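Sequence lines, in order, name chains A and L.
FYI, the numbering used here numbers position 19 of the first sequence as 19, with every residue one higher than the one before it.
Each number in the numbering used here corresponds to the 1-based position in the second sequence with 1000 added.
These are calculated hints, taken from the structure and not from any lab test.
Some hints here could point you the wrong way.
Unchecked claim - Between beta-carbon pairs, the in silico distance windows are: (1) Arg1218(L) <-> Thr16(A): 41 to 47 Å; (2) Ile1240(L) <-> Leu73(A): 35 to 41 Å; (3) Tyr116(A) <-> Ile1240(L): 25 to 31 Å.
To be verified - Below, in silico cross-link-like pairs of lysine-lysine (PhoX-like), each with a Cα-Cα straight-line distance of 20 Å or less: (4) Lys33(A) <-> Lys1058(L); (5) Lys1402(L) <-> Lys1384(L); (6) Lys1375(L) <-> Lys1402(L); (7) Lys1375(L) <-> Lys1356(L); (8) Lys33(A) <-> Lys1054(L); (9) Lys1189(L) <-> Lys1157(L); (10) Lys1058(L) <-> Lys1090(L); (11) Lys1056(L) <-> Lys33(A).
The model shown is predicted, which means the values in this text are computed figures rather than measured ones.
Even glycine gets a Cβ: it sits at the ideal position worked out from N, Cα and C.
The chain contents come next:
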Amino acid sequence: MKHLICIECPIGCSLTAVKSGEQWEIKGNRCRKGEQFAINELTDPRRSVCSTVKTTYRKVPRLPVRTNGEVPLNAIFAVMEQINAVTLDHPVHIGEVIIENVCNTGINVIATSDLYYLLEEDGQ
Amino acid sequence: MNEYDVVVLGGGPAGLAAALASFEQGMNTLIIERENRLGGILKQCIHDGFGLIKFKEKLTGPEYAQRYVDKVLACQMPVLLSTFVLTVEKAGTGFVITLVNAAQGVAQIETRALILATGCRERTAKQVFINGTRPAGVFTAGTAQHLVNIEGYLPGKKCVILGSGDIGLIMARRLTLEGAQVLAVYEAKSTPSGLSRNIVQCLNDFHIPLHLSTTITRVFGDNRVEAVEIARVDENMRPIKGTEQVISCDTVILSVGLIPENEIADMLGVEIDAATKGPVVDQNFMTSVEGVFSCGNALHVNDLVDYVSESGEIAGANAAQYVREATPRQLAEIKMSPDFLYVVPQQININSSNRKAVLYFRSREVRENMRVTIKSGDQVLLSKRYVILRPPEMERVRLVIKDGLASNQIEITMEPVKNKEMAL
């Protein structure tokens, strides 16, 4: 039997997982997401990565980004390496793709703040 | 002098929601923000997990903020950025605000209602009594977060974290991702302060140890932090002699609690609740001073931004109602049993047209299988079962206030659920 804590939402349900044959039986989850989380965690653990990229703008030296899906847990530092290699030299809107198919995960890294807004803000 | 119906102090999540709610009610509304961008602390909270209740989505802080910023920009509401409020004084049926900014210098504006959405501040090293020298390299978690996420500077290479609050846990992960070594998180209490999910995804994922019942007792170093002394603590949080250990490091990150910011409220003589450190309010989030409202982390420190926005909406809509028609209040106190850490609001205005109060509360201790009951005399207003109540997790209930309450006092209590009931 394995013990897990669900990270899908702030409730953080305590889960137990028992393997019967090829199937995992999950208990302790208050919603369906918990069951899926536990199975994924035991077979292919994944996480979102949130970070920042460098920009060439003195006023906004860093722009926040995130993966638009989850990447394998053991790929986090490889993803970080690619994120840290970026220097953004043009304004982007929120949600725009910054890195396509990061580390061949099929996941994109997207902007989570609006650089147009951040750059023009003082003038308002 | 410019005149407004409603002025909102603070352009973070509480202030943005309050201003939008007031504006939507047709009020001439102004936001005053001391920073040069709207969004408040969310701007630097680049991790995800925001908005699960409000938007049923997992958003990062900047994304959550932008949803409200876009709405504020779209309705062309006046916003004063890089503006600091110096004083607020009561004048006639409203308030005179003296502010300062680069464009106007010192200026005054008038408003009928005022919403305090000034957020909270971090407790600093001076408030947690760490002995030793005062070298560079001691940061609050929020300052470290600002340096890394906004400025792009790594505050240190070999870090220890004191306090297991969520910001400390989030920073443990963030510093690790950016190449710093996080040696450990120390927590003086015997249980973690932060959410379980953050222990998993911020510490366990990166093999960062969490030492409970342990604190930092001394900081060493002349110009820069060189080491800290840690020690185990007893039940009364006193360091246990003989358990001291010296850990070499260059950075100490403090995540040791947040305190609502209420300097302006104090200036106006607003009554402050000793438990929340925020104003005493009624269900409309009006403080003891008529026309002054409070919301978000200035009212009480929240765990989730979704509730911060909700409290802003309540304050904004009711400030608009107050401007339209200020009716005399009749206040019923909400008396809580000692099982509760706090309850917000602390009062119910029986005369108010708002009959659906939102109540936030925290249990003083971890309690399992409890029933929370809200009564007025013998009249039960609400009764709700909880599998578990934990102090770090704020609870929210909706209370319908019937006409003709049995008593002018409302009581909130909790008691263990009976065995028979548990079987159901």
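Now the hints, each set against the structure:
no.: 1; hint: Arg1218(L) <-> Thr16(A): 41 to 47 Å; verdict: holds, 42 Å
no.: 2; hint: Ile1240(L) <-> Leu73(A): 35 to 41 Å; verdict: holds, 37 Å
no.: 3; hint: Tyr116(A) <-> Ile1240(L): 25 to 31 Å; verdict: violated, 56 Å
no.: 4; hint: Lys33(A) <-> Lys1058(L); verdict: holds, 13 Å
no.: 5; hint: Lys1402(L) <-> Lys1384(L); verdict: holds, 18 Å
no.: 6; hint: Lys1375(L) <-> Lys1402(L); verdict: holds, 12 Å
no.: 7; hint: Lys1375(L) <-> Lys1356(L); verdict: holds, 15 Å
no.: 8; hint: Lys33(A) <-> Lys1054(L); verdict: holds, 18 Å
no.: 9; hint: Lys1189(L) <-> Lys1157(L); verdict: violated, 26 Å
no.: 10; hint: Lys1058(L) <-> Lys1090(L); verdict: violated, 42 Å
no.: 11; hint: Lys1056(L) <-> Lys33(A); verdict: holds, 13 Å
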